[in-house]
Amino acid sequence: MNRLWYMRIWCNYKARLGIIIVGSFIIIALIGPIFFEDPNAYVDTPLLEPSFSHLFGTTGQGQDVFAQTIAGARATLFIGFGSGFLVVLFGLIVGSVAGYFGKRIDNILSLLINIFLLMPGLPLMVIIAAWLPPGPFSIMGVLVFTGWAWNARVLRSQVLSLREIDYVNASIIIGESNMKVIIYQIWPQMLSLIMASFIGATVYSIGAQVGLEFLGLGDVDKVTWGNNLYWATNDLALLTGSWWTFVPTGLGIALVSFGLTLINYGIDEIANPRLLSERTLKTRLSTLYDRNGSTPVAKDLYGK
Amino acid sequence: MENKILQINNLSVDFLSDDISTNAVKDFSIYINKNEVFGLVGESGSGKSTVVKSILRILPAPGVITNGDIKFQNQDILNLDENELSSLRWSQISLVKQKALNSLNPLMRIKNQIIDTIRAHEKITTTDAIERCNYLMDLVEIDRTYLNNYPHELSGGMRQRVVIAIALALKPKLIIMDEPTTALDVVVEKEIILKILDLKSQLGFSILFITHDLNLILGFADRVGVMLKGQLVDLDSAEKIKSGGNDEYTKKLINSIPQVSNDNQAKTDNNTSVLMQIIDLQKVYNLNSSLFSSDKIHAIDGISFNIYKNEILGLVGESGSGKSTISKVLTKLIDFNGGKILFDGKNITKILNNKDLLKYRKKVQMIFQDAFASLNSIHTVYHHLSRPILIHQSYSNYSKVERDVIIKKQIIAILEEVDLTPAESFLYKFPHEMSGGERQRVSLARALLVRPDLLIADEPTSMLDMSIRMDILDLLKNLQIKKGISILYITHDIASACYLSNRLIVLKNGKINESGDTSEIITNPKDDYTKLLMNSCQSDWIKNRS
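Going line by line, the protein sequences match chains A and B.
My numbering puts the first residue of the first sequence at 1, with every later residue one more than the last.
My numbering puts the first residue of the second sequence at 1, with every later residue one more than the last.
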C-alpha cells in the first residue's frame with residue numbers, strides 16, 4: 001500500500017458506504033446523549049407504541065426507547081472499539097515479539113497463544129464476567145483476555161514472513177534497533193492486516209459484549225445496547241408484542257456490524273487488487289467477461 | 001502457412017482499470033515453424049509472459065485482448081469458445097512454467113498428476129495410463145519408481161523434468177516454455193535444455209522458449225525475437241542476433257553478456273593485509289527437529305578463507321552451496337556452529353553487547369539480491385538513506401534544522417556517487433517509482449553511507465535486467481577502487497565473478513572446491529566442477545559439450 005491508502009479506502013464504494021454507516025453511528029453516539037438528560041428517567045406510561053412524542057415508543061419501565069438507543073450506542077461502541085483496539089494491540093505486541101525474535105521466545109509465546117486458543121472462549125467469558133464486579137471495564141477486560149490469542153496468531157505469522165524480507169535484514173545490518181525495525185519496517189507493511197484484524201475484533205467485541213449483557217452479566221443499571229435487550233426480555237417484550245423495545249437496538253447492532261464488514265471488504269479489495277480488476281472487467285466488458293472463462297477478446301473496445 | 005504451426009498477427013493486449021488502461025502488448029507479430037525452436041527474449045515487464053498467456057487465453061483479469069489474431073493450424077484461437085479452447089489447451093499446446101514446484105500439486109503423487117492430465121482429454125484405462133506414465137518417465141530419463149513419490153521428494157531438476165513429461169503427455173504440437181530453467185542451477189539448466197532438444201528431435205514438436213537470458217537462448221534457438229516494452233523490436237535468426245541484430249537494444253543486450261575472459265583483471269596487490277579471517281567455519285541447520293530425532297544439513301562444512309583489504313573476492317556456487325549462508329553469518333544475521341571469524345584480528349563471536357555490535361555493523365555492510373525487497377515500499381529514498389546516518393553519526397551539537405541540512409547534503413553526495421543524477425529528484429521517490437537498477441543503486445548507497453570496510457554483495461545483479469547488470473558491476477568496481485573497501489561478491493554466475501573479482505572461491509555443497517587468483521583459475525581450472533561452471537556460461541556451450 002502506498003501513502004495514499006486512506007484515499008484508496010475512501011474511493012472504494014463498499015468501504016465508503018461502511019465508513020458512512022459506522023461514522024454516523026459514532027457521531028450519534030458522541031453528540032446524541034447531550035440532548036437527553038437521563039435515558040433511565042421515567043417519562044411516560046410504559047409500553048407506549050412509537051409516536052411523535054416518543055419516536056421509538058417507551059419501554060416496560062416507562063423510559064424513552066429513542067433516548068436509550070442513542071445512549072446505548074455510546075456505551076456499546078466505546079466498549080466495542082475499545083476492546084477491539086486492545087485485542088489487536090495486545091495481539092500485535094505478542095505476535096510481533098514471537099515472530100520477530102523467533103527461537104525460544106517464539107516457542108514460549110506460541111505455547112501461551114495456543115493455550116488461550118484452546119480454552120473454551122464462551123463459557124470462560126461467562127464465568128469471568130459473572131465473577132468480576134459488573135461494569136464496562138470488566139467486560140472490556142473479559143473480551144481482551146479471551147480474544148487476543150487469535151489475533152496474536154494471525155499477526156505472528158505475518159511478522160514471521162515479513163521478518164525474512166531483505167529490507168528487514170538490511171535495516172538490521174545498518175544497525176537499526178530491534179524495536180525500530182518492528183515499528184518502522186514491519187508494522188507499516190502489515191497495516192491492511194492490522195486494520196482488518198481491528199475491524200474483525202470490533203465486530204466480535206460488539207457481539208460478545210451484547211451477548212454477555214443480554215445474559216445479565218453486565219452492569220444492568222447502565223444503558224447499553226446489550227442491557228436494552230436484557231430489559232426488553234425481562235419485561236416480556238415478545239409476549240406483550242412490544243416490538244419497538246428491541247427492534248431499534250437490534251437494528252443498530254446489525255447496521256454497525258454491517259458497516260464494519262463493508263469496510264473490511266473494501267480493505268480486502270484494496271489489499272488484493274485482483275478482486276478489483278475482476279470487477280472492472282465485469283463493468284466494462286459485461287457479457288464478454290466470465291470470471292471462470294478464458295481471456296476476453298474485445299476488438300471493438302475503443303469503438304473502432 | 002503450410003509450414004507454420006503458429007502465427008500471431010498484430011496482437012494487442014491491454015490491462016484495463018477504472019481510470020487508465022495500460023497497453024501491455026502492442027502490434028505483436030511472429031510465426032513459428034514446425035519443428036522449430038523460437039526464442040522470445042525480453043526483460044521483466046516487456047510483455048513476453050503476457051503473449052504466452054494470450055496464446056492460451058489464460059491471461060487473468062484485468063487483461064483483455066484488444067486486437068489481432070492468433071492462428072494455430074488454421075484456426076483462430078481468438079474465435080474459439082470455452083469447449084474448443086479447453087480441448088486445444090494441453091493436447092495441442094502445452095505450457096512449462098518457471099517454478100516446477102508451483103506447477104505440481106504437492107498433495108498428489110507424480111503418477112496421479114500425469115494420469116489426471118491424460119484423463120482430462122482422453123478416455124483411457126488405468127493399465128494403459130500407467131503404461132503411458134512409464135513411457136513418459138523413460139522419455140525424460142527419470143527412474144519409474146519416482147512415479148509413486150510426491151513432488152517435494154524430487155530435486156529441482158527432476159521436478160522440472162516431470163513438468164516437461166506432463167507437458168508431453170498428450171503429444172502436443174507446440175510446447176511453450178516460460179522461463180523453464182530460470183529457477184535451476186546453471187549446470188542443471190544446461191542438462192534440461194539438452195534433454196528438451198533431444199526430445200524435440202525424437203518426437204517432433206515446436207518450442208516457443210521465453211527467457212530473459214539472451215546468452216542461453218542464442219545457444220540453441222533457430223530464430224529469436226526481442227521484446228521491449230510490449231513491442232517486438234528485433235526478429236531474426238539466432239546467428240544474426242548473435243552478431244548484433246538489427247536494433248540498438250539487441251546490441252546493448254549482446255554487449256551486456258559477461259564473458260569469461262582474462263582481459264579485465266585488476267592485479268592483486270601482494271602486500272595487502274588481512275581484513276577478515278574465516279577459519280574452519282561450520283553452520284548446521286536442523287530440519288524436522290522433533291523430540292527424538294533431527295535431520296541436519298551442513299550448510300557450511302569447514303570453510304577457511306581470508307578477505308584482504310582492498311580486494312574484490314568472488315564467491316561462486318550454485319544454490320545450496322552455502323554461499324548465502326556465508327553472507328548471513330558474516331553480517332551476524334545468524335549464528336554459526338563451529339570455527340572462528342576474525343575481523344581485524346578480533347573474534348566476532350565475542351561481540352556480546354549492542355555497542356560492540358553496532359561498531360561491527362559499521363564495518364561490515366551488505367547489499368541484497370532482490371533490489372525490490374531490500375527497500376521498504378512505504379518509505380522514501382530519503383528515509384532509507386537518512387537512517388544509517390542517524391544511527392552511526394552523532395548530531396547532538398546541532399539543532400534539528402542544521403542536522404537535516406547536513407544529512408540532506410550527505411545523501412545527495414552519495415546519490416551522485418552511485419550515479420543517480422540529478423540526486424534531488426530521487427530524494428523523495430518511493431521504491432515503486434524507480435527501476436530495478438535505480439533501486440539497487442539506492443541499496444548500495446545505503447550500505448556505503450555507513451562507510452564500511454567490507455561490503456558483501458549477495459547476487460546484486462541476478463534479479464536485474466540484462467542490459468543494466470554490467471552498469472552495476474562497473475559501479476561496484478569503480479567504487480571499490482575509489483573508496484578502497486573490500487568487496488565479497490557472491491554469485492552463481494562465474495562469468496560476472498571473473499569480470500569483477502581479483503580472487504575467486506568456488507563453493508560446492510558447503511565446501512571450497514577451488515580457490516585462487518581469478519586469472520589463474522580462468523586459464524587453468526584444476527577442478528572438473530569449475531570447468532563445468534565455466535563452460536556453462538559460454539554462449540556456445542552446446543558445441544563445447546558435444
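Among the clues, some could well be false.
As the list claims (entries may be wrong) - Simulated pairs of lysine-lysine, DSS-like, Cα-Cα distance not exceeding 27 Å:
#, chain 1, residue 1, chain 2, residue 2
1, B, Lys332, A, Lys180
2, B, Lys99, A, Lys282
3, A, Lys103, B, Lys328
What the hints assert, rightly or not - So, partial list: chain A residues that the calculated Cβ filter (under 7 Å) puts toward chain B:
#, residue
4, Gln158
5, Ser161
6, Leu162
7, Asp166
8, Glu278
These are computed hints drawn from the structure, not numbers from a lab.
All values reported here derive from a predicted model rather than from experimental measurement.
Yeah, the Cβ is synthetic: ideal placement off N, Cα and C, and Gly gets one too.
Verification of the hints:
no.: 1; hint: B/Lys332 - A/Lys180; verdict: holds (18 Å)
no.: 2; hint: B/Lys99 - A/Lys282; verdict: violated (31 Å)
no.: 3; hint: A/Lys103 - B/Lys328; verdict: holds (17 Å)
no.: 4; hint: Gln158; verdict: violated (15 Å)
no.: 5; hint: Ser161; verdict: violated (12 Å)
no.: 6; hint: Leu162; verdict: violated (10 Å)
no.: 7; hint: Asp166; verdict: holds (4 Å)
no.: 8; hint: Glu278; verdict: holds (5 Å)
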